[in-house]
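Trainee: Take a look at the letters that make up each chain.
Number of protein chains: 2
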Amino acid sequence: MFRTRTCGELRISNVNEEVTLAGWVQTVRKFGAITFVDLRDRYGITQLLFGEELNALLDSNPLGREFVLQATGKVSERSNKNANIPTGDIEINISTFKILNRSAVPPFTIQDDTDGGDDLRMKYRFLDLRRNAVKKNLEIRYAVNRAARNYLHDQGFMDIETPFLIKSTPEGARDFVVPSRMNPGQFYALPQSPQTFKQLLMVSGYDRYYQVVKCFRDEDLRADRQPEFTQIDCEMAFVEQEDILEMFEGMVKYIFKEVKGVDYIDQVERMTWEEAMWTYGNDKPDIRFDMKLANLKFPAHSFPAKENKESLIGGVNFKVFDEAETVIAIAVPGAAEYSRKQTDELTEWVKRPQVGMKGLVFIKCNADGTYKSSVDKFYGEEKLKAIADHANAKPGDLVLILAGAEERTRKAISDLRMELAERLGLRKKDEFRLLWVLDFPLFEYDEAGNRWVARHHPFTSPKPAHIDTMIINNPVIDNAAEYLRHPYAGIKANAYDMVLNGNEIGGGSIRIYQRELQEKMFAALGMDEEEQKHKFGFLLGAFEYGAPPHGGIAFGFDRLCAILGGSESIRDFIAFPKNNSGRDVMLDAPSAIDDKQFQELQIKLDLK
Amino acid sequence: MFRTRTCGELRISNVNEEVTLAGWVQTVRKFGAITFVDLRDRYGITQLLFGEELNALLDSNPLGREFVLQATGKVSERSNKNANIPTGDIEINISTFKILNRSAVPPFTIQDDTDGGDDLRMKYRFLDLRRNAVKKNLEIRYAVNRAARNYLHDQGFMDIETPFLIKSTPEGARDFVVPSRMNPGQFYALPQSPQTFKQLLMVSGYDRYYQVVKCFRDEDLRADRQPEFTQIDCEMAFVEQEDILEMFEGMVKYIFKEVKGVDYIDQVERMTWEEAMWTYGNDKPDIRFDMKLANLKFPAHSFPAKENKESLIGGVNFKVFDEAETVIAIAVPGAAEYSRKQTDELTEWVKRPQVGMKGLVFIKCNADGTYKSSVDKFYGEEKLKAIADHANAKPGDLVLILAGAEERTRKAISDLRMELAERLGLRKKDEFRLLWVLDFPLFEYDEAGNRWVARHHPFTSPKPAHIDTMIINNPVIDNAAEYLRHPYAGIKANAYDMVLNGNEIGGGSIRIYQRELQEKMFAALGMDEEEQKHKFGFLLGAFEYGAPPHGGIAFGFDRLCAILGGSESIRDFIAFPKNNSGRDVMLDAPSAIDDKQFQELQIKLDLK
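If you read the sequences in order, they're chains U and H.
Taken in order, the first sequence gives residues 7 to 614; the numbers are from our numbering.
Taken in order, the second sequence gives residues 7 to 614; the numbers are from our numbering.
Keep in mind that the hints were calculated from the coordinates and are not lab data.
These figures come from a predicted structure and were not determined experimentally.
Some clues are possibly wrong.
Intra- or inter-copy, both count: the list cannot distinguish identical chains.
Simulated pairs of lysine-lysine, BS3-like, Cα-Cα distance not exceeding 30 angstroms [to be verified]:
no., residue 1, residue 2
1, Lys602, Lys614
2, Lys378, Lys498
3, Lys290, Lys389
4, Lys614, Lys36
5, Lys142, Lys312
6, Lys469, Lys312
7, Lys364, Lys526
8, Lys259, Lys315
9, Lys104, Lys469
10, Lys36, Lys434
11, Lys469, Lys141
12, Lys220, Lys141
13, Lys129, Lys526
14, Lys602, Lys526
15, Lys389, Lys36
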């Protein structure tokens with residue numbers, strides 16, 4: 007061992023001990039005949055003092071930043087203590103030292119506020135990983151991993167490894183494929199998730215399964231997506247939805263406690279998908295703050311049970327609202343005093359192509375009880391007050407109203423709500439609010455194909471009350487314009503998402519476990535018998551031999567770690583991430599392969 | 007939840023409790039008006055008693071093997087107790103039940119001694135996994151996984167995930183490659199091991215890393231190799247060989263204790279590679295039993311320090327020995343009474359192509375102190391006794407002698423030793439003997455290329471005393487016939503293998519951490535500067551910026567589990583293994599992919 011102690015552990019109680027440390031030179035400070043060196047390792051930083059007698063040696067072997075140093079000496083009390091670091095009370099009075107390795111000048115500084123840009127830090131990721139900020143992220147990641155495993159183990163779950171070289175069954179996302187040399191012309195696929203395997207394990211009787219496992223999706227990478235990502239993947243047999251919700255909110259609370267020291271004692275809130283869309287405009291609402299949607303106008307078929315408030319905005323011949331499918335307002339707390347410049351800027355914000363609205367209507371609810379709006383021409387104070395009241399606005403608030411097509415408008419008002427919350431500091435990094443979103447639609451309508459696609463995946467069970475609807479009815483959509491009236495449009499899934507601070511961190515469902523229902527589902531998605539057999543014959547086969555009721559969930563491990571670390575970028579929480587083109591710039595991968603490899607695999611390029 | 011208790015937990019103390027169980031029907035036994043059902047789940051088997059009043063229901067809904075059943079009733083004491091199972095004192099007097107799912111008749115019986123052949127069980131792996139024998143294996147696997155993680159965690163190791171989509175750097179084994187759609191014409195490779203990443207993590211200062219991680223090698227599959235396999239992968243910084251040996255024999259002992267309840271308190275034995283080859287004929291000797299090799303004749307350059315015993319066999323004009331490069335004997339305990347038929351059979355055994363010897367010489371050391379051999383024509387009793395004494399034979403033993411070329415003969419006598427140990431019952435499943443094999447040669451000679459190849463991998467450091475030999479000398483072999491006299495032939499690696507019961511379960515080394523030495527190593531292996539930069543530029547780059555001394559080890563997790571489970575077949579310890587052609591017969595993978603996938607990936611088939 008090159009050291010007897012680490013750079014993070016020595017305290018005043020260790021004074022006079024003889025120790026050997028090894029680590030990296032963080033800084034060198036020369037003061038006349040003595041030299042101070044801050045030595046860094048994984049555990050901390052300790053100050054080394056090189057006295058006069060070593061100075062000649064240091065002069066002939068000058069230390070530079072990031073040199074690897076082994077040094078032996080006596081722990082002494084510092085005259086000039088540093089309260090900012092745990093080892094700040096002591097220093098090591100060095101008697102002997104050895105340079106274990108030299109370092110070139112790093113391309114950026116190894117400190118919290120580095121001068122290195124993203125590209126440079128990715129190319130030299132091995133140096134970026136030395137920075138405290140990145141190290142803390144990986145430590146959180148390991149702590150989450152460890153906590154999840156401990157909880158699941160204590161609950162009787164078994165880690166069972168599922169294969170990585172599987173069968174390509176493109177469904178939703180694209181598979182990465184792997185040519186098989188031993189089976190020329192054939193390919194493996196890398197798993198998008200261990201979904202079918204964990205279901206088979208339930209059929210096999212393993213009843214509580216988990217895995218912290220890499221998954222792969224060959225999708226065009228939006229910011230903050232990775233072609234390989236990690237899931238905490240779980241499945242249970244002989245359970246109903248309620249059992250799963252309790253088990254896994256238990257897990258997340260345990261992780262909060264272990265990793266962040268947070269006692270999350272509140273019951274986790276629950277909300278149907280419909281309620282989430284109605285109240286927040288999206289299916290993963292951030293409920294740390296209010297600003298709930300005030301639905302003024304909306305298509306009846308979207309929310310059949312909800313009350314229409316068109317009377318509040320109609321009858322004044324304001325065409326923007328009259329011609330819109332949907333009109334929704336939010337009340338921004340304390341923003342009535344926004345200047346013209348500020349409201350103009352918000353209008354520009356909603357008109358950006360990413361949001362895509364034509365404009366923004368606002369009502370200022372003045373502190374004195376008066377109202378002032380951008381549509382005073384159409385609406386008198388009384389009408390403005392009625393709208394503002396419906397939006398729950400208080401004096402001093404600013405009501406913002408968007409109008410347009412249902413889907414776009416709802417998404418836009420949701421985006422606007424999040425943007426304003428961000429600006430108002432309502433999205434606090436150290437506040438955690440969990441939410442279960444339930445009762446998703448089982449199917450989504452695919453306009454291009456005039457057919458149904460699975461919203462979650464084809465193994466998700468309908469709600470028990472909706473199974474008959476699915477069995478009895480023909481999935482074919484005769485009248486495309488009226489697809490919302492098709493019985494399948496109303497079928498709800500026995501599915502659940504866990505949402506944390508406006509991010510989906512986990513999702514799952516109770517699965518289909520009856521062969522007939524699974525076949526009906528595949529058929530509803532447009533898969534004929536042959537295709538079913540080719541792609542999922544093994545699963546249908548397994549359902550023949552006593553499949554138990556089962557369900558499960560998968561957590562996006564990278565994202566969960568990022569949120570717990572106070573970030574929304576998963577890349578910062580992955581040791582060796584890829585960039586937005588799926589490249590590892592440090593390795594320079596992917597790259598060309600050689601002729602011998604092509605020959606052995608019996609494939610060739612077919613570049614366009 | 008479909009159950010209140012499991013099928014493994016009820017005891018006499020639970021009598022009179024009302025319980026609901028759910029599981030699979032193992033057997034149905036009808037006795038007149040009552041029916042007994044053995045219900046099975048992951049935790050055990052419990053007997054259900056269906057009384058008269060339920061019989062009509064059972065008649066109309068007959069239960070079959072592997073039906074999924076939910077049943078409620080009262081725990082009662084059994085009149086006819088079964089001492090073989092933990093729940094054997096009780097049964098459940100069923101009041102209500104529900105068939106949760108039916109089952110077709112399984113293609114083989116779900117019990118310890120199944121009637122299913124290998125192929126059938128692999129095709130229906132989800133049923134095979136229900137068998138107790140297979141379940142026990144996966145439970146051992148999880149227990150080993152858990153124990154290894156707990157030990158490493160307690161020692162300050164961090165689990166850090168390394169990427170799966172990396173760069174192809176074929177070196178030794180073949181890479182599996184993955185075409186990149188976003189980077190047409192380029193390929194990722196799946197990692198053969200996280201070797202370079204764990205070294206980078208050491209450069210980054212993470213100092214104690216571990217991962218239980220899938221690795222991939224596209225090799226022709228011998229029996230009991232898998233294209234994807236799992237390693238317990240570890241690396242440490244600021245350590246020397248001794249630190250690693252202590253840390254990881256600690257880990258294996260901890261696993262023994264946790265998984266098998268075995269207190270392995272002995273110091274783990276150590277042996278140099280040379281000593282292992284000399285004494286056992288291979289580098290992973292099974293030291294549970296003796297039968298050490300008696301080297302009678304051998305090439306001086308193979309074991310320069312060893313004493314030649316040619317005088318024992320020479321001078322009698324026995325051409326087989328006189329013309330052989332190597333002659334080695336072993337003494338088989340208590341086998342002097344072998345019949346002619348038995349010695350003939352052993353002779354046939356060594357003449358099989360897998361062993362490849364021309365014949366077998368034997369000496370019977372009779373209980374009365376006389377000797378009888380297959381070469382009595384050449385050797386008198388005195389000479390036979392001298393040979394037998396050298397082989398440490400006692401009265402009653404049988405000395406077997408092989409002669410031929412050094413490499414083949416040594417391997418053959420080693421194989422023969424193992425075969426006889428197996429036959430004599432010396433390889434006991436419940437006895438565990440660990441061994442460190444040290445000081446491997448750093449290089450192996452590649453005859454085809456007349457060049458050096460890395461025995462372990464190109465990141466292994468030479469022994470400190472041999473670094474200069476490597477730096478100073480030119481790796482080029484001028485005279486192929488005399489390659490053994492090249493200075494590189496004598497360079498020993500700072501490497502170690504852990505051997506358990508004759509199986510290599512782990513191996514590793516102290517790594518090179520100096521850029522110059524690493525470049526010299528790559529050059530010695532015939533890699534020019536351009537190739538070095540292309541393949542390992544990132545690692546050489548990392549060594550520029552303060553790489554610490556480091557080393558590590560990787561354990562073959564599948565094999566370790568198999569040995570602890572008393573088996574030598576890793577396949578039995580993998581949930582979803584592949585067959586010898588690399589196929590998953592359950593999934594029917596690999597398989598063809600569709601045209602759209604080829605087009606998107608911009609590759610096509612090039613079948614010969």
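Trainee: All the hints need checking, so say for each whether the structure fits it.
Mentor: Here is how each hint holds up against the structure:
1. For the identical chains of this complex, lysine 602 and lysine 614 are neighbours both inside a copy (23 angstroms) and across copies (14 angstroms), given an alpha-carbon limit of 30 angstroms.
2. For a Cα distance limit of 30 angstroms, the shortest separation of lysine 378 from lysine 498 qualifies neither inside one copy, at 43 angstroms, nor across copies, at 86 angstroms.
3. For a Cα distance limit of 30 angstroms, the shortest separation of lysine 290 from lysine 389 qualifies neither inside one copy, at 32 angstroms, nor across copies, at 88 angstroms.
4. When the C-alpha separation of lysine 614 and lysine 36 is checked against a cutoff of 30 angstroms, the pair qualifies neither within a copy, at 62 angstroms, nor between copies, at 70 angstroms.
5. Neither within a single protomer nor between protomers do lysine 142 and lysine 312 lie at most 30 angstroms apart by alpha-carbon distance, with minima of 47 angstroms and 55 angstroms respectively.
6. In this assembly of identical chains, lysine 469 and lysine 312 lie within 30 angstroms of each other by CA distance solely inside one copy; the values are 22 angstroms within and 78 angstroms between copies.
7. For the identical chains of this complex, lysine 364 and lysine 526 are neighbours neither inside a copy (43 angstroms) nor across copies (66 angstroms), given an alpha-carbon limit of 30 angstroms.
8. Taking identical chains as interchangeable, the C-alpha atoms of lysine 259 and lysine 315 are never at most 30 angstroms apart, the minima being 40 angstroms within one chain and 72 angstroms between chains.
9. In this assembly of identical chains, the alpha carbons of lysine 104 and lysine 469 lie at most 30 angstroms apart only when taken from different copies (20 angstroms versus 69 angstroms within one copy).
10. In the homo-oligomer, the alpha carbons of lysine 36 and lysine 434 never lie at most 30 angstroms apart, since the shortest distance is 43 angstroms inside one protomer and 66 angstroms across protomers.
11. In this homomeric assembly, lysine 469 and lysine 141 never come within 30 angstroms of each other (Cα to Cα): the closest approach is 44 angstroms inside a single copy and 33 angstroms across copies.
12. Proximity of lysine 220 to lysine 141 under the C-alpha cut-off of 30 angstroms is found in both arrangements, the shortest distances being 21 angstroms within a copy and 24 angstroms between copies.
13. Proximity of lysine 129 and lysine 526 under a CA criterion of 30 angstroms is satisfied inter-copy only: 25 angstroms between copies versus 50 angstroms inside one chain copy.
14. With identical chains, the CA atoms of lysine 602 and lysine 526 are at most 30 angstroms apart between copies only, with a shortest distance of 26 angstroms across copies and 47 angstroms within one.
15. Neither within a single protomer nor between protomers do lysine 389 and lysine 36 lie at most 30 angstroms apart by alpha-carbon distance, with minima of 74 angstroms and 79 angstroms respectively.
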